[in-house]
Amino acid sequence: MTRAFIRFSDGSISTDADESTLLRALRDPKAIFWVDLDRPDDNELAILDDVFGFHPLAIEDTIQYNQRPKIESYNHVGSTCNSGYFYMVIHGPDLSSFKESLRTKELDIFVSERYMVTIHEEEMTSVKSALMRMESSPARLLDSGVDMLLYYILDHVVDNYSPIFDWMQEEIDDLEDAALTRPTQELLVKIGLKKRELLNLRRIIGPEREVLAQLTRGDVAFIRPQARVYLRDVQDHLNRAVESIEIYRDLILGARDIYLSSISNQLNQIMKTLTIISVIALPMTVITSFFGMNFSDGVPAFDRMLHSTVSFVIAMVIMLGLAGGLLYLFKAKKWI
Numbered sequence: 227m228t229r230a231f232i233r234f235s236d237g238s239i240s241t242d243a244d245e246s247t248l249l250r251a252l253r254d255p256k257a258i259f260w261v262d263l264d265r266p267d268d269n270e271l272a273i274l275d276d277v278f279g280f281h282p283l284a285i286e287d288t289i290q291y292n293q294r295p296k297i298e299s300y301n302h303v304g305s306t307c308n309s310g311y312f313y314m315v316i317h318g319p320d321l322s323s324f325k326e327s328l329r330t331k332e333l334d335i336f337v338s339e340r341y342m343v344t345i346h347e348e349e350m351t352s353v354k355s356a357l358m359r360m361e362s363s364p365a366r367l368l369d370s371g372v373d374m375l376l377y378y379i380l381d382h383v384v385d386n387y388s389p390i391f392d393w394m395q396e397e398i399d400d401l402e403d404a405a406l407t408r409p410t411q412e413l414l415v416k417i418g419l420k421k422r423e424l425l426n427l428r429r430i431i432g433p434e435r436e437v438l439a440q441l442t443r444g445d446v447a448f449i450r451p452q453a454r455v456y457l458r459d460v461q462d463h464l465n466r467a468v469e470s471i472e473i474y475r476d477l478i479l480g481a482r483d484i485y486l487s488s489i490s491n492q493l494n495q496i497m498k499t500l501t502i503i504s505v506i507a508l509p510m511t512v513i514t515s516f517f518g519m520n521f522s523d524g525v526p527a528f529d530r531m532l533h534s535t536v537s538f539v540i541a542m543v544i545m546l547g548l549a550g551g552l553l554y555l556f557k558a559k560k561w562i
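FYI, in the numbering used here the residues of the sequence shown are 227 to 562.
It should be emphasised that the hints constitute simulated quantities derived from the structure, not laboratory data.
Predicted model only: the values in this text are computed from it and were never measured.
For every residue, glycine included, the Cβ atom is placed at its ideal position computed from N, Cα and C.
Any given hint might turn out to be false.
[Unchecked claim] So the derived label-pair ranges between C-beta atoms look like this:
1) SER363 to ASP459: 17 to 23 angstroms
2) PRO433 to SER355: 22 to 28 angstroms
3) ARG422 to PRO451: 39 to 45 angstroms
4) SER355 to SER246: 28 to 34 angstroms
5) SER363 to LEU419: 55 to 61 angstroms
6) GLY550 to GLN395: 50 to 56 angstroms
Using the sequences and the accompanying hints, generate a full structural model.
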């Protein structure tokens with residue numbers, strides 16, 4: 227679906243997205259407009275070349291989904307595009323199912339001095355929010371400039387990461403607690419998955435920070451100084467997001483270390499218990515081995531002792547006494 231909001235030089239507002247209206251807006255030197263292509267088909271994507279005359283490489287990147295966040299400037303002058311522009315790719319989080327699977331949605335943006343074109347294959351809350359504001363007061367938002375429209379969208383994209391980081395903090399806290407109290411193999415798998423999610427976020431947000439840096443440094447045309455002030459605020463939020471990822475990554479590694487320490491401690495406890503049992507059983511084994519000797523024939527006194535009830539009782543008392551004494555010794559030395 228293609229939507230358009232156009233303010234012509236005579237002050238009139240149009241929401242027609244047909245090619246003739248867009249061409250008229252391009253030829254109007256003072257017209258300002260925004261075109262949004264939501265899950266476009268091939269016919270709708272054709273306006274990128276037929277109407278705007280964007281560079282074929284930029285159009286190819288738009289069609290090929292899952293591009294890396296980037297920004298590229300073009301000075302290409304086509305038959306209808308009478309000024310330079312820049313093309314950028316940004317990713318916003320998918321808030322609909324981030325607790326089950328953390329993924330992002332790609333947003334492609336073409337920006338010129340007088341217009342902005344956004345393309346996305348999925349519904350994006352950042353674009354939807356900007357569209358709602360545009361519907362309520364199109365003249366005011368368009369008069370604020372294309373660079374401010376870009377700011378509104380980027381600000382929503384970055385702000386949408388906040389609930390993910392809040393949830394991530396809770397998840398990591400739970401993993402740390404479980405690593406101390408319930409260190410299981412399943413927990414180690416969860417720690418690995420969480421680490422991978424953080425790496426994926428870092429791979430997306432890291433390049434986006436460089437995109438914002440180019441916009442705020444003035445490396446890209448059409449961004450006025452007053453708009454750069456607002457974009458620096460978005461950049462600051464993005465920087466904090468990257469810092470949060472690094473902190474969470476350290477916490478995840480800490481949770482893994484806690485898990486490994488807990489497993490090692492459990493193993494040590496098992497070995498300690500087995501060692502104590504072995505030490506207690508050793509003297510009993512010696513005594514029973516003595517009474518189990520098979521050369522009593524020809525030694526009547528020894529034979530009578532082996533088959534005496536009193537001897538059996540004495541042996542049991544000695545073995546139990548040794549076991550009790552060893553247990554007392556271990557407790558006195560605080561080994562158990």
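These are the hints, each one checked on the structure:
Taking 17 to 23 angstroms as the suggested C-beta distance range, the pair SER363 and ASP459 conforms, at roughly 22 angstroms. Checked against the hint of 22 to 28 angstroms, the C-beta distance between PRO433 and SER355 comes to roughly 23 angstroms, which is consistent with it. For ARG422 and PRO451, the hinted distance range of 39 to 45 angstroms is satisfied, since their beta carbons lie about 41 angstroms from each other. Between SER355 and SER246, the C-beta spacing of about 29 angstroms keeps the proposed range 28 to 34 angstroms intact.
About 44 angstroms separates the C-beta atoms of SER363 and LEU419, a value inconsistent with the hinted range of 55 to 61 angstroms. Remark: the range hint 50 to 56 angstroms for GLY550 to GLN395 is upheld by a beta-carbon distance near 52 angstroms.
Violation of the numbered hints given earlier is confined to hint 5; every other hint is satisfied by the structure.
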